[in-house]
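The lines below spell out each chain.
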Amino acid sequence: MLRLSLKNLAANKIRLGLTALAIVLGVGFVVSSFVLRDGLKESFASLSEDIVGNTDLSVEALNDGDPLTATDLEIISDTPGIRVAVGGVAADTNLIQPIKRDGSTITTQGPPQIAFSWTEESQLNPNEIVDGRAPTGPGEWIIDIGAADHHDFIVGETYDLITPAGRASAELVGTFRFGSDNTTNGATLMGFELETIRDHLLLGDVFHAISIGVDGSVPVSTLELTLASALGNPVDPDPTDDELPEGSRVEVQNRADLQSDVTGQFNQALDIFGGVLLAFALIALFVSIFIIANTFAIVTGQRVRELGLLRAVGATPSQIRRSVLIESLFIGIVASLIGIGVGVGIAYGMRELLSLLGIDLPSFGVVLKPFTITLAMFVGVVVTMLSAILPAFKASRVAPIAAITGSADLESESIGRYVVGTILTAMGIAGLLLALFGGAEGVTQILTILGVGAVFMFIGLTLLSSLVAAPISRFLGLPLGPIFHRPGTLATENAARNPRRTATTAAALMIGLSLVSLSMVLGDSLKSEFNKILETSVQADYLITSDLANVPLEVVDRLEEDPAFGVVTPLFYWDATFENDRVDAAAGDEASYDSDIVALEYSKVDGLFDFGVTEGSLQAITNDSAAIRDSVAEDLGLQIGEPINLVLNDGTVAPLEVVAIFEDTALSSPVMISYDRFTQISDQTTADWIAARRDESVSAADADAAFAALGDDYPNLAFDSSASFRESISGQIDQFLNLLTALLGLAILIALIGIANTLALSVFERTREIGLLRAIGMTRRQTRRMIRWEAAIISGVGAVLGAAVGVVLGIILVQAIPDEFLSEFSIPWIRIILMVAIAAIAGLAAALFPAFRSSRMDVLEAISHT
Amino acid sequence: MDTATIAAAGTIQASKIYGSGDTEVRALDDVTVSFDQGQLTAIMGPSGSGKSTLMHCLAGLDRLTSGHVMVGETNISQLSEKELTLLRRNKIGFVFQAFNLIPTLTAIENITLPLDLGRQTPNKEHLDEVVQAVGLADRLQHKPNELSGGQQQRVAVARALASRPDVIFADEPTGNLDSHTGAEILDFMRRAVNEFGQTIVMVTHDAVAASYADRVVFLADGRIVNELQDPDTDMILAALRDA
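Going line by line, the protein sequences match chains B and H. One rule links them: number in this note's numbering = place in the first sequence (from 1) + 346. One rule links them: number in this note's numbering = place in the second sequence (from 1) + 1.
Just chain B, with the same shape it has in the complex (with noise of 0.2 Å):
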């Protein structure tokens, strides 16, 4: 039987190519996805290797402790073992950007743009000046080489910075190499001397870090817990274990500790990232399932002659199952493989699409770990097997006389289908509403049966849609007859006369597009939720906004100068840890909880935002009072007069008494506090946004004008009316949805693969018909037509299909999100029918093999095909 599998393997080339596609392509994606993630963290391990360089002590204040001064420079210089210390300062990612030639700044949507202090002292150094100098004061600063070159900058020529402090001008005095390539995977690094970079970023006497080299005399492990005590940790009972003692002050870390935490910032990012890509290489992998498992079904029921004949001769049924299984062994250990090296080419083809989409990903070389390897072989083989047992045990109940004359259907109707369909998408839904609504705890049980849940609905409504199959297709067909005629109708025709078939072909399409179409939906209530909320609580006239980098107060402070605006104020967000006042705990009530505060000038409010106050008044905030969202309220019972506990830096508690509340989701956070405090428990320095409304004695144009000029200046901010600001809104809620779209166009690729798949495996089978048909006078032309028709009639149909499953989950899913997230409930139609017509159009695209090869059978070898 084994030779007899290999023979047949070998005799269908064409139908074992088809078969192996689909393969190749669910395990090339899985196989991607893994081959970016572990790709890209080994770049970024030896990227961390470069960041740490030769430091071999750093110390860090911890968050809530006081920061570190000059003074504890000079407690760690004067250690005995230390060689040298030196005290640095960095600006958090995109803080500081420079200003290129062309006036534009670097795009914050990239790699990170990151400014620190620069040190002579080149042991804690791991950056080394290439052409230039170093900078030593005020006015002057220096770039990587590899930002230099990509973005113009030329040594010697004065620049333009945007910093906290605002606008400032420096001379380019220097280009420096990071590490021993400059691999900074894209990212701007800048170096200033550290007074000067202390002033940008409106920071007193502190370091960020003091970084340590050692003469040798005394062991570093020594070294590290005599500093902690110096810098008045308390003694830490258990020095082996990562714990820091209670009450710490600074966090003293090795060469070793600081690599691994590097690598550790970088890996966690890169989880997620790498999280995302799996999610999305599973649905491909999804997809390509019903592919591989609808071209078993179609090839078997194809052969159920030959393999009749081989009953007849006296194989048994299990030898006939063995032979299939076999076969399908060899497919699925070949095309894995295969998989394995296309997989290698997807994620490099990847990282292009992402950064046409303007994501751009540092380079990186081919990782395949053995898990890889191990996870791809397994899947691969198991699905196509699993894909070939149900349609080999029907092979083998065939009567051997009924599949000699070719009267037996394995692809016939069965009621046990559609109750096994109605049964998974029963269970599917139900898994999806328990994830939503019911009381699944964590992000990560949530999504395990969500996704399960999906799996569950999405095979039930592949059986069920066999149902509809037919019916769909007519009705899309309608079209054809009257512009296409007789090949038209043929087309919808065949399309109909093998509902099951249609419907898994189309299911693949189906699942890709219901997502597609499910985001759509999301993003269009979101969109109409921000319009609303846009609409009702912001009437201020301009909007400065900064995606990614914060705005400098300057920019408010030349508002205010300016003439031609009325009320001006920013707006900053933080997040705060409140002590509950009100703890029952049989209630199980937390004694403290984090919350977003919102702070700005509330004198101002009024023509600016509607905050929609129910009670109180926003202008009675003080230093010692807040506002409070109504929800709020409820659920702390707390009442006008009552106070809130806001907890401080240094551990103490502000009790603030609650002086308004308001009803506002969108614009604020759940409370919101008067500005001095919030300078108290924040160390941010610049606004997030900010809000101004025209002087009544300007002119529209005119204040138009001297905001647009203003904009000018700040080329890293969005200068927005509060239309403009509408769009901007919209734009990027259409960015991500584009970016979503992109990476199911993964899952949509493989099912238009499939489904030029089963035209072609369709073409083959009805050989005999075309031959007929081209007989009697149908031309080459009518014949591709035909063909190509079908294709888009069937992905129509999943078209259609996914269409309206992704609605239904979309209005699933917007009841599921609070009402404090999303209110609004808005289906994109234009959108979705263009999603139908585009779908359609690509299915015409994926025939056009299958109806080339239609069109140039030989009419005398297809009429006597057997």
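Hint data in this document are derived by calculation from the structure and do not stem from the laboratory. From a predicted model like this one, the values you see are computed outputs, not experimental measurements. Be a bit skeptical, because a hint or two may be false.
Cβ-Cβ distance ranges computed for the label pairs, FRET-style [unchecked claim]: (1) H:GLY20 <-> B:ILE829: 39 to 49 Å; (2) H:THR24 <-> B:LEU655: 28 to 38 Å; (3) H:ILE7 <-> B:VAL814: 48 to 58 Å; (4) B:ILE679 <-> H:ALA99: 38 to 48 Å; (5) B:GLY363 <-> H:ALA99: 27 to 37 Å.
Glycine included, each C-beta is placed from N, C-alpha and C at the ideal position.
Dock chain H against the given chain B, drawing on the hints supplied.
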């Protein structure tokens, strides 16, 4: 009959050679034959005699190695693929041994299929006559799988007649049928010749089927070796024995 002298189709020095050198097979060897209008002609011969090749070449399904094929006034040897297709659609009718019908189309849709492909409106009167003659008026809306084998062949013949082609080629049209049903189909084809003046060329190895013909042409080794006019079964069997 005057019309009997006008050829509906024919070949001039037609040769069809497969392979070359030692493996060369002459399926047709310098065959010149013509089929008169309004006649039912049977082509007979043993397996490998070239009768199917002759018919395929006449019908524009296969091309000659040398020589010419005439359908009506047209020398089809010089036609392009597209012109051949249109010729098959408009000037030629086909009846195959089996699988004559498109399973997704009803009987009447199958009958009008060549016309539909050319977007021609069927001549109502003629179509009614054909449908009448085929005797399936009550089954026209049925799909092929709801028809018996004999009914399916009758639909196939009706389809061939519907476009009023210059010539109908029938390849073993009764090969898959029992003798009673086969006789029905042959009767029907005979009537088509008699009543509509249709030209039919039929390949068969069945002497009874051939006896319905006005003329029988015998092929052997790619050559015409004999022919009979208005034969009966005995004459044909005798000719086959002699060949």
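Now for the hints, and whether the structure bears them out:
1. H:GLY20 <-> B:ILE829: 39 to 49 Å: holds (46 Å)
2. H:THR24 <-> B:LEU655: 28 to 38 Å: holds (30 Å)
3. H:ILE7 <-> B:VAL814: 48 to 58 Å: holds (57 Å)
4. B:ILE679 <-> H:ALA99: 38 to 48 Å: Once the Cβ atoms are compared, 41 Å apart, the range 38 to 48 Å for H:ALA99 and B:ILE679 holds.
5. B:GLY363 <-> H:ALA99: 27 to 37 Å: Holds: the Cβ-Cβ distance is about 31 Å, inside 27 to 37 Å.
In the structure shown, no violation is registered for any of the earlier numbered hints.
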